[in-house]
Each structure stands twice: as structure tokens, then as C-alpha cells.
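Make the complex out of the two chains shown on their own, each in a separate frame, by following the hints.
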Amino acid sequence: NAGVTQTPKFRILKIGQSMTLQCAQDMNHNYMYWYRQDPGMGLKLIYYSVGAGITDKGEVPNGYNVSRSTTEDFPLRLELAAPSQTSVYFCASTQGRTEAFFGQGTRLTVV
Amino acid sequence: KQEVTQIPAALSVPEGENLVLNCSFTDSAIYNLQWFRQDPGKGLTSLLLIQSSQREQTSGRLNASLDKSSGRSTLYIAASQPGDSATYLCAETATSGTYKYIFGTGTRLKVLA
Chain A
1 NAGVTQTPKF
11 RILKIGQSMT
21 LQCAQDMNHN
31 YMYWYRQDPG
41 MGLKLIYYSV
51 GAGITDKGEV
61 PNGYNVSRST
71 TEDFPLRLEL
81 AAPSQTSVYF
91 CASTQGRTEA
101 FFGQGTRLTV
111 V
Chain B
1 KQEVTQIPAA
11 LSVPEGENLV
21 LNCSFTDSAI
31 YNLQWFRQDP
41 GKGLTSLLLI
51 QSSQREQTSG
61 RLNASLDKSS
71 GRSTLYIAAS
81 QPGDSATYLC
91 AETATSGTYK
101 YIFGTGTRLK
111 VLA
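Quick note, the sequences are listed as chains A and B, same order.
Taking the numbering used here, the leading residue of the first sequence gets 1, the next gets one more, and so forth.
Taking the numbering used here, the leading residue of the second sequence gets 1, the next gets one more, and so forth.
Mixed in with the good hints there might be a few duds.
What the hints assert, rightly or not - Here are the simulated BS3-like cross-link-like pairs (lysine-lysine), alpha carbons at most 30 Å apart as the crow flies:
1. B:LYS68 - A:LYS14
2. A:LYS44 - B:LYS68
3. A:LYS44 - B:LYS100
4. A:LYS57 - A:LYS9
5. A:LYS44 - B:LYS42
For the record, the hints were derived by calculation from the structure and aren't laboratory data.
With the rest of the complex left out, here is chain B (with noise of 0.2 Å):
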């Protein structure tokens, strides 16, 4: 069964860290994993998307990476700012079988000014 987890599920920093997110996925016959941002009351947007032929994918101050070898994904936010705080999570797709994305529960960030 595919399983995906996130920890911590929460986190707080100073503004201005650097900070790593966590994603652990059972699934060594992924497809692609992708990282969402979802503000409070919102829905989600999607943030990188890293195929499995990829190692890693960048976007401004955001950078994933994912080894398919130890089932992990990371999300590195450079220079964190308040206004980065939400709540991040990921979610991974099989090759196999039907394009469902199987979810974490998140990790909820806070950048303190």
C-alpha cells in the first residue's frame, strides 16, 4: 500500500533560515512526487513537480530533490520570510496502476519576523 509521510508536522523558524521539509514514500515504483503550499481556508497550489528520472527541481528560493532509493523527498526553502508560512505537503504518484496522488498529512511552517 502506498503510504507518504511528513515530519515534522509542524515547525517554526526565524525569519531569514534556511529550512528543510521531509517526505517519505513507501512506493519505490514512483512516478513523480509534488510539492503543494496550501494557505489557511485555501486550496492547494502546486509549488515544483520532480518526474523519477529527475533528482532534483528549482523554483526561485525553493529547491526539491528526490531519491528514490532511500523513499525520500526533500523541500529546501531558501531565506525563509513570514511570508512562506503555510502548510506544505507532498504527495506521490505510482507508475503503476491509475494517476492517483497519494498524499502526506503536512508539515505546517511558520516564519517568525
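This is chain A alone, in the form it adopts within the complex (with noise of 0.2 Å):
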């Protein structure tokens, strides 16, 4: 049972550049969530979905998309990446209210 994982752990991009964070969950939770951590602060909510077919904006949600076509997997996507989304990111999933599971996070950083 590996949880949440998380791909890749670490990246470097270019201003503007593309990439996808990968995030896959083997707890059949309906609901997943991106959250970004930027040092000495707490963690912003991006992107959030309740189930497959189903997303929603978080507080910060410029600059990323998000897609959930099966229960297991929740990509997130930047596009025209900027040296302001440099972070970490972390996702996680729960099944309703209940513990929330994350992943080991990818650190990001935009050159």
C-alpha cells in the first residue's frame, strides 16, 4: 500500500517552460488536493477535486490546471511557468472529513 506518490521529487524549469506534477493515490479517496508551500509559510490550497470529472479553485489557482479523469490520479499542470511558482508542492487525498494522507512533495524552482 504505497499511499500517495508523488513524480518527480525534484525539478528545475525555465521561465515559461511547461511541465506536469504527477500525483497517484492506492486508497480509493474521493477527494484529492494540490497544496503549494513556500518557506516559512503554511500550505495554500491550489487545486482541490471531490471525485473523477470533478475540480475546483482553491486560494491560489493562477497559473496551474488541473484534471482528475480516474479516482486514482489528480495531475497538476503548469503552463508558462514563472520564477513566483517556485515552491513545494505537495498533494494529498482523504476519503470525506477524515485523515488527510500527502506525498513526499516536488520541489520546484523556476530559473
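And the structure:
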């Protein structure tokens, strides 16, 4: 039982490039989330999904897109990367309002 | 707007000391509150989850309490050890609306040997 798996762990992007952060969970959770964590700050919600085919914006959605075609996967797409998107990105999942499980994070640097 | 605050931002204590970490939230319609531990460069690990109908939860040396009327939760760590050194975050989710967790900025704890 792997829990929540994120790939890649590290990535350096040039300004204007695009990439997809992958997130997969094997717990059959209905809810999935993407957060970003900046130094000294708490986690800010980017997007979340309540089930396959349903997504919604969080606090800081600008510059990102998501899709959820299956229960297991919830990829985060960055279009036209900017230095302000340098951060650590965490994916999480829950079954309703229960214990949240987090991935190990993706450390992204935009130069 | 839901807001979660954790004070202090950092704390250093000698090994063996009992300590309390604080978490304040503005939403009185809280559904549950969760405490997490984050080690440097790692993801978050859930420690304790308290439902709004509960007043406290215990796991080993950890005890978390919840007081909805005052908008506060505390995480009590007994007989602290150097291995407890980490950042501790709390997060709440509200009764109404969708199941979004709102996080505090965390307390960075260092237990000195």
C-alpha cells in the first residue's frame, strides 16, 4: 500500500516552460488536493477534486490547471512557468473529512 | 474567511520537558482539526485528528485538545525527545462547504539533547 505518490521529487524549469506534476493514490479516496508550501508559510490550496471529473479552485489557482479522469490520479499542470511558482508542491488525499494523507512533495525551482 | 494561526513560530526546549503547541482558528463551525508533523524536506504525517464532537485525542506521548468556543486547539507533548524535533502544523476543516483543509503556518520545534 503506497499511499500518495508524487513524481518527480525535484525539478528545475526555465521561465516559460511547462510541466506536469504527477500524483497518484491507491486508497480509493474520493478527495484529492494540491497545495504549495513556500518557506516560512503554511500550505496554500491550489486546486482540489471531490471525485473523478470534478475539480475546483482553491486559494491560489492562477498559473495552474488540473484534471481528474480517474479516482487514482490528479495531475497538476504548470503552463508558462514563472519564478513565483518556485515552491514545494504537495498532493494529498482524504476519504471525506477524515485523516489526510500526503505525498513526499515535489521541489520545483523556476529560473 | 477561515484562518488558522500558530504561535510561536519556533520553540526550543531541553530534552525531557513537557510542552504545549497552540493553534487558533476563526471558524466556529469547525468539523474537525488535524495535527501534522513535518520533517525537513519531507511530506506531512498525520499525528492526531479531533472531531468537533470530541474534546481530546491521545496517541502515546501526544495529546491534542479542542475547544470550539474559544477557537483553540493545543498539542501537548510529554517528556520531549530530540526525535520530536520537527515542524508541527494544524489544519481545520469546516462543517459547511467542501472538504478543504486550512493550514496554520506551523511551529518549528527543536528539542535539545
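How the hints compare with the structure:
1. The suggested pairing of LYS68 (chain B) with LYS14 (chain A) is violated, with an alpha-carbon distance near 46 Å, which exceeds 30 Å.
2. At roughly 23 Å between alpha-carbon atoms, LYS44 (chain A) and LYS68 (chain B) fall within 30 Å of each other, so this suggested pair holds.
3. Of the supplied pair hints, the one linking LYS44 (chain A) and LYS100 (chain B) holds, its CA atoms being roughly 11 Å apart against a limit of 30 Å.
4. A hinted pair counts as satisfied when its Cα atoms are at most 30 Å apart, and LYS57 (chain A) with LYS9 (chain A) qualifies at roughly 24 Å.
5. Pair hint LYS44 (chain A) plus LYS42 (chain B) holds up; C-alpha atoms about 17 Å apart against a cutoff of 30 Å.
Consistency note: the structure conflicts with earlier hint 1 alone.
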